[in-house]
Structures are given as C-alpha cells and as structure tokens.
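Enquirer: Quick mapping for you: the protein sequence lines, in order, are chains Y and X.
Okay, so the first sequence: first residue is 1 according to our numbering, each after it adds one.
Okay, so the second sequence: first residue is 1 according to our numbering, each after it adds one.
If you're looking for bench data, these hints aren't it; they were derived computationally from the structure.
Each residue gets a CB set at the ideal place from its N, CA and C atoms; glycine is no exception.
Any given hint might turn out to be false.
Unchecked claim - With a straight-line Cα cutoff of 30 angstroms, these simulated BS3-like cross-link-like pairs (lysine-lysine) come out:
no.	chain 1	residue 1	chain 2	residue 2
1	Y	Lys-394	X	Lys-203
2	X	Lys-294	Y	Lys-394
3	X	Lys-185	X	Lys-197
4	Y	Lys-97	Y	Lys-222
5	Y	Lys-456	X	Lys-323
6	X	Lys-248	Y	Lys-443
7	Y	Lys-224	Y	Lys-211
8	X	Lys-248	Y	Lys-62
9	X	Lys-323	Y	Lys-394
10	X	Lys-294	Y	Lys-62
11	X	Lys-323	Y	Lys-80
12	Y	Lys-97	Y	Lys-169
13	Y	Lys-216	Y	Lys-241
As the list claims (entries may be wrong) - A few chain Y positions that, by computed beta-carbon distances, are all more than 10 angstroms from chain X:
no.	residue
14	Phe-7
15	Val-41
16	Val-93
17	Gly-234
18	Gln-387
19	Ser-466
Claimed, not checked - Each pair of labels, with its calculated beta carbon distance range:
no.	chain 1	residue 1	chain 2	residue 2	range
20	X	Gly-349	Y	Ala-65	45 to 51 angstroms
21	X	Pro-328	Y	Ile-10	24 to 30 angstroms
22	Y	Pro-136	X	Val-30	46 to 52 angstroms
23	Y	Gly-64	X	Lys-203	33 to 39 angstroms
24	Y	Tyr-279	X	Lys-203	21 to 27 angstroms
25	Y	Pro-144	X	Gly-215	53 to 59 angstroms
26	Y	Leu-39	X	Asp-367	20 to 26 angstroms
27	Y	Tyr-279	X	Arg-371	55 to 61 angstroms
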Amino acid sequence: MTTTVEFDFITGQPAGARLPRVALADIFELGRDNGEERLAVGGVVVNLRRRGSERPTRVEVKPGAFLIRLRTPEGQLLMKRVYVQPSDDTSLVFLPKQLSEKPEKPRAQIQKSAAQRSVVPSILLDGFEEKKPTVPREWWSALPMARTEEPITIANLPGFHASELVQSKHDFVGIARLQAEALREIPSPDSVSDSVTAKLVGEIAAVQGAKLHGTKDAPFAKWKTPLRDKRLVGDKSQEGKGSRYFSLSYRAEGELNPIQVACVPGRWVRRDGNLADVYADYYERSVGNISTRSLRVEVDDPDLGGLLDFLQQGDLGGSARMLSNATELLYRKWSNPYASAAAGYVLVQVGDWPGAHGNWRQWILNLAYRYSSLPDGAILFTTLLLQGSTDDLKNLHYEHGGENPFRNAVTAALEAVRRGPPLFRHGIKMMATNLAILESETKNQAADEQTYRTLKAASRYVRELSLRVDPNQPFCVFDV
Amino acid sequence: MALIFDKRQPGEPGVHVVLIGVGQFAHARVADLLEADAPRGGFPNLETPLHSVEAFAKWLMDELNVADTPLHTIRALGSSASRSSPLGLLTPTFTNIANDVGDWADDVDTDEDNLAIFYFCGHGLRIGDTQFLLAEDFGANPRAPFENAIEPEELANAMRKVQGHRQLFLIDACSTEVRFSEKYKNVRTRTIVQETKNENLAKSEQCLLRASKLGTRAFGSKSGPSLFMGAFLRAMNGAGAVSAPGQKWVIKADMLRMALSWLIQLRPEGYGQEVSYGGGTLSSNLPFHVLPGKPLVPVRVSCDPSDIEAISALHVDSAEHSKAGNWPSSFDIVRQSYDFEAIEATSSGPHVHGQALEEIVAPPYVDVSIRCSGENP
C-alpha cells in the first residue's frame, strides 16, 4: 500500500503569494526510538504546481519510520513523520495541497450585474476606463523593420502603434515582443545613451505587440512563439542559431517611452514535446526608497522552474537528482537549447559530482559553438576553459579548426560579448569574472596590448549590463 | 592589533578566521555619495557590528570544534562611534581590511585541510549585480568615492585558488538595491585578492551565506549582536546540525541556512529578512562544527485558536513549561519526541484544551500547533 505524504506550503502565506514551482524532499530513516536519522533518499524534486494529468512524485522506500523534510527555494520548510507499513508497495507518494478552484459564478448573477451597470449614473463611472475603439487587427501583427529608412531603436519603432495598443487601466504600459540580430562587433563602451538599443538588443528586425490580460493591478502577457509569424521566426531547429528575442516594457500615453528590456527565450520545448507558455508580468520591486512595477519573465516548465529558482538562491548542492535532471536537459539541447543553457550554469558551477557524465564538457562546447546566437553557451565554455584543469580540457574536440572561436578563452569570452546580453542573469556575473581574469592575465604582456584594450572595453560593457540588470530575476531584465 | 588569537603550528592544518565589524561611516555621510540614490536611512553609524565581532570571537575561542582542525588564528577589525573594544581592535579602513584579509589568505594557503572563516558586519548595498560591503573610509577619496568597499563574491572567487579548500563566508549586511543614476559609470570596488585561473574548482568546498537575500535589509541591535549573528550563535547549539555516523551531530551550511532564516524571522524586525546563498559562487554544504552532544532544537508552540494560550499553561512531556498567558515565542529543547499540551487550571481541576502528541523535534526547527477544541471546561 502506498503511503501518501500530504503537505501544504500555502497556509500561512499572505494573500496572493505565489506558490513555488518545486520543493526538494530529503527522506530520513529514523533509527530505534527515533534516536538517530539516516538520509535514505536526498534531493527528491517534488512538483508543487501539479496539474490534473501529471503523476505525483513517487519514491520507493523500505518499511519503517521516516522523517521527511521538504524545502522550497525560498527557504520554507515542512517536516512530516510517516510510518511505512510492510506491504507489496512501500512507496511514498508526495501530494501537495492545491489552490482551491474558484467557484463558478452563477450565470444569472453575471447578467444581473451587467444590467445594473447600464443604469449606473455617469458620475459613478469616473475612474472607469472609457472604452477604446478597437484597433485594426493588423496592428497586433508582427511588423518587419527591414524596409524602414528611419533609425530603429527601442524608443523609435517605425510603424508600431505603441500608444494605440495600451490602455489607461494599465497606466498606458505595454509589452512589445522584439526579434533582433546580434551585432557583428562588440558594442562600443564609450558610445552614448542612444546606442542603448545596440548594447541591450542588437539590431531590431521585427516587433509585435503583446496583448495584456489579467487585472488592472496584475497585468500579464503570454505566448508560446516569440512572434506570431512563422516566416519571421523560422523553423524550430533554428532556435538559438539565428535571431534573438526580447520583451520591451514601455509606457506610451503619447510617445513611446521604453522602461525595461528583458531577454526571453524563443520556442521553449518541454519534456513532453509541447511548447511552454512564456509569461511576462509585473511585480513590485523596491529600489532604494522607491517601489516600482518591474517586468518579470517566467517559463511554465517545472523542469526549468525548479532549476532556476534553486540556481537563483545558489542552493543546489543538496540535490543529485536536480543535477541528473540538469545533465538530461543539457543533453536535450537539440530540442531546447535555452533549457540546456540553464542546465549548463548548474553543471559548470557544481563541476565534478559523483554522478557526473564523462563528456558533459564536450556538450558545453557544442552548446557554445552550434548555438551561435546564444551568448550563454560561450560564457559557460569560457568559464570551463578558465577554471577547468588541463586534464579535463585536453580531450575536447574542436570542429572546423582555426575558424572555431572556442580555441582559447580570450576569443570565447569576446565571442560571448559579441552575441549580446546573456539570456540568464547568472551569465552576467560569470562574464564579468571571466573578463576580469583575462584582463589581469594580459595586462602585463606587451605583445597583447590590443587584446588587453579589447578586453577592457568588453569588461566595461559587461559592467554596464550589470548596473542595469534586475538582480531579483533568473532571466536578464535591464532598466533602460 | 588585528591578530587577536595566534596559535599557528607550521605544517599543521588549522582554522583561520577574519572578522570585520564596521560601525562608523563618517566619509560616506559627509560625501553624501549617492544623493537621491542612497538607500533608505542613508549610512548611519552602527553599534551592532562591534558587538557581533566580539560575540563571534568569543564563541570561536570557547566553543568551535572542528574535528582534527584546531583554531589557529583570529584577525579582527572593528569600530563603533561610542566605545572601543576590550579586544583592542584596529579600525576597519580599507587598507587595514586589505592587509588583514591578505594575511588571512596567506595563512589559509598553507595547508589544504585548513578551514577559512570570513565574517563581515556593517553597511552593504547592491548596485546591479554587485554587492558592496562598505569599509570605514568608504567615500574618503572624492575622486574615486566607491573604491573603499569589498565585493564579497569577487573575494570568494579569488580565494578558490588558495590551498585551504574549506571556506565559509558570512556576509551580515544589507543587500538593498540602489538605483544608480547616470551620474557614475563603471563603479567598482578595489580588489583585495586578484581572481586568477585556478585548478581547484573541483576540490573547492566554499559556502557564502548572506544575512539578507537580494534587495532586502539585514537588521541589528544597538546593544548587542545583529539578528544574523544572534541567530547564528543560537543555531550552533543544534538548529543547524545534521546527524552524522557515530551519533554525532555536525553543523552543515544547508541546514544552517534554513535555521537562520527561521530564527531571524522570529523577531518582528526580522520578518522578511531571508538568509540566502551567494549567487555567483558555488555554495556547497560545508560541515564545520561538531556539537558536544545532542542538538538543541528551537521550537515554536502555538494554539489553534491562539486565544487559548491566554488561559492555558503549556505542558511539555507532562511537565509545566510556561504559565498561561506567558508562552514564549520560542525555546530550545533536546532533539527527541515530545508531547505538547495546552492545559487550563480550573476550579474543577485541569482541563486539556488540546494536545500535539509524539511530535518529533528535530533540526533545523519545529513549529508545533496544538489544535484546541475550544470547548468550555
């Protein structure tokens, strides 16, 4: 008989608090008189946002007394003691308490309130939004930028009807989805603010408005494909190899005023082969004395969510299973290079661990080399070159000889910078560290003066990214 | 004097500690560096860093027990606007910090079984992705006002190259984010130990714990150690311990982190202060202190509904622990199973409002809720 472990991370949380995506469970076997505990299974990943058809987490154990500790990335802890009776099936099944479903409102009630509203005196409607005329459907379509003669920046997107796509109830804030190409050369660190577009986005190739859903206080946008135009985004196999994608948060009561730019993934393929929803919403962020509404990016994939949350907190050491999951994600890069990059951060940080696969470093090199528009792979490989031992690196197989920019750490680091800001915030810190090390190594070598100057410029660029990035999020979101 | 404890044994591994408590910030205030960008409250002088350094130094000398690795050195720097320390500490200017941290790094580099402990208490702020820990002379150089600060993750990364691979960094400072105006560019701290290519990544057992996660504040008391240090010293009695073979209990970073957050949040001002790992470094589950006996586990007991606490005494294993209306916010008890009861003394005899029986009390902490029937006796 299976033993159910029910747990509840919801009770006691403030209203509207978001339930974490995953928790880690450690299962301890209790000795005689519960005097000693022995770790039986560590780091079991438990999905807290389980949907109807998804199977709950199940762990085989021996009969006996167990203490189970469940912890979330934010540090919440629940402890449960269970006794597993001897039987044919001695597995533990983890079942989170789910959020209660909203009761469906009776239809008659809706009709009644609608009828009432039509007779409310006009004075009570102050503060209600005056309904905007519907905009032409094509204004929501993806708009290529190739034929415009005007300069294209995040503050000037010719043909994009920014102010027409926002509503007063959202304080005239909107989200635009951008498709862009990386620059051919490293952005100049000395250029003035008008090149912020180049530094954060590269060359903008297309733009599309994202419809905001949700309430006045919590608007959000979601999509599965970065632009709703197959001709522009191309085939799924091109993810990470061609265009990059960004979300632009702007305010446009009249003119378009950019607020933040977020790096977002393209099509995100989940383990089940379906595309995950990518969400862009807002949260309250305190900066100094000011509280501002800031853009937040999330991907609805429990495989990734847990990884990113724990990566954000630096809390990865306890979970061999999470590392196995990361390895599997890294090896799945053909279907999802973005998830592979997230997994790469975990594996490069942890380095060698007891269950590490022999050739994972080669896979990092492949991620860096084959996904030429993803800076994260190049950043990870630079870190491997700088921090790995000679034995680890000598068996790496390089393709295409001299053309390959991953022959040494300097070219790998500069290639990462050329590709633009990394998708994941973790990459910025890694980039800065890599460049500082390389700068210090080349500083006193007269023959390398040009390299030193280039590295110094790259360092300044990364420093600027670091100053603009929102430090509370796993994806890179920059203040403009 | 910076070296307040020196029992170095050449060729023998040991524990090497550096403690920094910055309590005065005259230059930062005068320079009014960040103007409108400054964190809420600016940079007032602090009393808690010196208390924290003194309390930690005492605990290290009296209690620290790392198997086969005795305490070898403690270097301490500290300042306060109102008193001097009986330990006779040097002031934590950037130069003094750099000298001490440099000497500490050299000591840690003498043996691969050394354990390094770095503790900083004082003002901290976060600009973008970088945390700045402010030295006493932060802001003293008007031409480069931000240079007299430490970036802890940079230091931790650089320390990976030294031989002693077990390293614990405790950062007891705010991590409040500062919006940075266009006024300054390329703001960075001075380097104390240069990061280099290193071959020790796989061997490194490094853990960096922050008293407050990104964007949040850390709190202290004018008359005692900070919330973080108070919780840390309490957790050393058992809340941060895990069971090890041979009936031993060892403090490990994972358990410690959870215990610290919970203990800090017991205090009203600590609500929202969440202990977190450093983001840029790998924080491993570093073991570093063996308990002399069984762990003492912090427990918070409450009644549901809570108003029963006003009329009932708390009984633990059939003995009265606290009187009616006087339930403690938390207390520490030895790890084992306990019965918790809410019992009201009435004219007709004791009335049991509720029980929580055979509750396992185990690290890092336990919240016990006694469900009470609410019936009148």
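Enquirer: Could you run down the list of hints and mark each one as holding or not?
Expert: A quick look at each hint next to the structure:
1. Y:Lys-394 - X:Lys-203: Distance ~19 angstroms between Y:Lys-394 and X:Lys-203 Cα, so the pair holds.
2. X:Lys-294 - Y:Lys-394: Given pair X:Lys-294, Y:Lys-394 is violated - Cα atoms ~49 angstroms apart, limit 30 angstroms.
3. X:Lys-185 - X:Lys-197: Satisfied, since the Cα-Cα distance of roughly 27 angstroms is no more than 30 angstroms.
4. Y:Lys-97 - Y:Lys-222: Judged against 30 angstroms, a Cα distance of about 26 angstroms means the pair holds.
5. Y:Lys-456 - X:Lys-323: 67 angstroms, violated
6. X:Lys-248 - Y:Lys-443: Distance of about 50 angstroms is beyond 30 angstroms: violated.
7. Y:Lys-224 - Y:Lys-211: Since the Cα atoms of Y:Lys-224 and Y:Lys-211 sit roughly 13 angstroms apart, the hinted pair holds (cutoff 30 angstroms).
8. X:Lys-248 - Y:Lys-62: 24 angstroms, holds
9. X:Lys-323 - Y:Lys-394: Violated: X:Lys-323 and Y:Lys-394 sit about 70 angstroms apart, past 30 angstroms.
10. X:Lys-294 - Y:Lys-62: 27 angstroms, holds
11. X:Lys-323 - Y:Lys-80: It holds: about 29 angstroms lies between the C-alpha atoms, which stays within 30 angstroms.
12. Y:Lys-97 - Y:Lys-169: 34 angstroms, violated
13. Y:Lys-216 - Y:Lys-241: 38 angstroms, violated
14. Phe-7: Consistent with the label, Y:Phe-7 stays out of reach of chain X, its closest Cβ about 13 angstroms off (over 10 angstroms).
15. Val-41: With a cut-off of 10 angstroms, Y:Val-41 remains clear of chain X, as the shortest Cβ separation is near 15 angstroms.
16. Val-93: 21 angstroms, holds
17. Gly-234: 32 angstroms, holds
18. Gln-387: 5 angstroms, violated
19. Ser-466: Not fine: 4 angstroms to the nearest Cβ puts Y:Ser-466 too close to chain X.
20. X:Gly-349 - Y:Ala-65: 45 to 51 angstroms: Because 35 angstroms falls outside the window, the suggested range is violated.
21. X:Pro-328 - Y:Ile-10: 24 to 30 angstroms: 27 angstroms, holds
22. Y:Pro-136 - X:Val-30: 46 to 52 angstroms: 60 angstroms, violated
23. Y:Gly-64 - X:Lys-203: 33 to 39 angstroms: 37 angstroms, holds
24. Y:Tyr-279 - X:Lys-203: 21 to 27 angstroms: 40 angstroms, violated
25. Y:Pro-144 - X:Gly-215: 53 to 59 angstroms: 38 angstroms Cβ-Cβ, so the 53 to 59 angstroms window is violated.
26. Y:Leu-39 - X:Asp-367: 20 to 26 angstroms: With a Cβ separation near 22 angstroms, Y:Leu-39 and X:Asp-367 satisfy 20 to 26 angstroms, so the hint holds.
27. Y:Tyr-279 - X:Arg-371: 55 to 61 angstroms: Violated, since Y:Tyr-279 and X:Arg-371 (Cβ atoms, about 39 angstroms apart) do not stay within the stated range.
Taken one by one, the earlier hints fail for this structure at numbers 2, 5, 6, 9, 12, 13, 18, 19, 20, 22, 24, 25 and 27, listed in ascending order.
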